[in-house]
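Residue numbers (this note's numbering), protein chains in the order written: chain A, 1 to 111; chain B, 1001 to 1115.
In short, the hints are calculated from the structure, not lab data. Any given hint could be a false lead.
Stated by the list, open to error - Within a straight-line C-alpha distance of at most 35 angstroms, the following computed DSBU-like cross-link-like pairs (lysine-lysine) qualify:
id : chain 1 : residue 1 : chain 2 : residue 2
1  : A       : Lys57     : B       : Lys1014
2  : B       : Lys1055   : A       : Lys42
3  : B       : Lys1064   : B       : Lys1041
4  : B       : Lys1041   : A       : Lys110
5  : A       : Lys37     : B       : Lys1014
6  : A       : Lys57     : B       : Lys1064
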Amino acid sequence: GENVEQHPSTLSVQEGDSAVIKCTYSDSASNYFPWYKQELGKGPQLIIDIRSNVGEKKDQRIAVTLNKTAKHFSLHITETQPEDSAVYFCAASTDFNKFYFGSGTKLNVKP
Amino acid sequence: GAVVSQHPSWVICKSGTSVKIECRSLDFQATTMFWYRQFPKQSLMLMATSNEGSKATYEQGVEKDKFLINHASLTLSTLTVTSAHPEDSSFYICSAPGQGAGEQYFGPGTRLTVT
């Protein structure tokens, strides 16, 4: 089955700095890679996603890059704000339905 | 956007009892739903795929007799944890796909504590 690894497990940045979270996946058939933000006691919320036919996608302060050859993808958050503090999960899917999640990154943005 | 609800949001039960968790798609139909469990400070682990009108399919290592899944209608899937033990204490989250490829709506989760 699919194995998704995520690094780092925790990340502290100063407000206004950038944050980068990286994930690797094992199944070359995976073709959809969403990123989720989860706040304490709540379900995950989609923040951005990318499909395997695209190398990069950007939405305001958030961007995701995908390297299919190396089987890794990354989340980039620029101009971080305290409200960006949360746990972020990457995921991989071969059918847009069943998701295999990374281990999560706790992002702390210090004001 | 589409909303998925779960009930209850939090439940405490005693060892040996069973507890049912509901997952509802509020404004859309879902022939398939997915159940995940999440231990504290850990990732979401896919447990099973709930299929409307047919048996659920379970991920490897998940006990189907312990985690009973019933997808009785196009808007409701239930997860019953049978003969619960303290190690079943976890955060259970369901999701349902939307109409677009990649659209997946997650419920708010149910925290189960088994004493």
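So, going through the hints one by one against the coordinates:
Annotation: proposed proximity of Lys57 (chain A) to Lys1014 (chain B) is violated, straight-line Cα distance about 48 angstroms (limit 35 angstroms). Restraint check for Lys1055 (chain B) and Lys42 (chain A): satisfied, since their Cα atoms lie roughly 28 angstroms apart, inside the 35 angstroms limit. Between the alpha carbons of Lys1064 (chain B) and Lys1041 (chain B) the distance comes to roughly 25 angstroms, so the proposed pair stays at or under 35 angstroms and holds. Restraint check for Lys1041 (chain B) and Lys110 (chain A): the C-alpha separation of about 20 angstroms stays at or below 35 angstroms, so the hint holds.
Distance hint between Lys37 (chain A) and Lys1014 (chain B) is fulfilled; the C-alpha atoms sit about 32 angstroms from each other, no more than 35 angstroms. At most 35 angstroms may separate the alpha-carbon atoms for a hinted pair to count; Lys57 (chain A) and Lys1064 (chain B) exceed this at roughly 39 angstroms.
In this structure, the hints that do not hold are numbers 1 and 6, in rising order.
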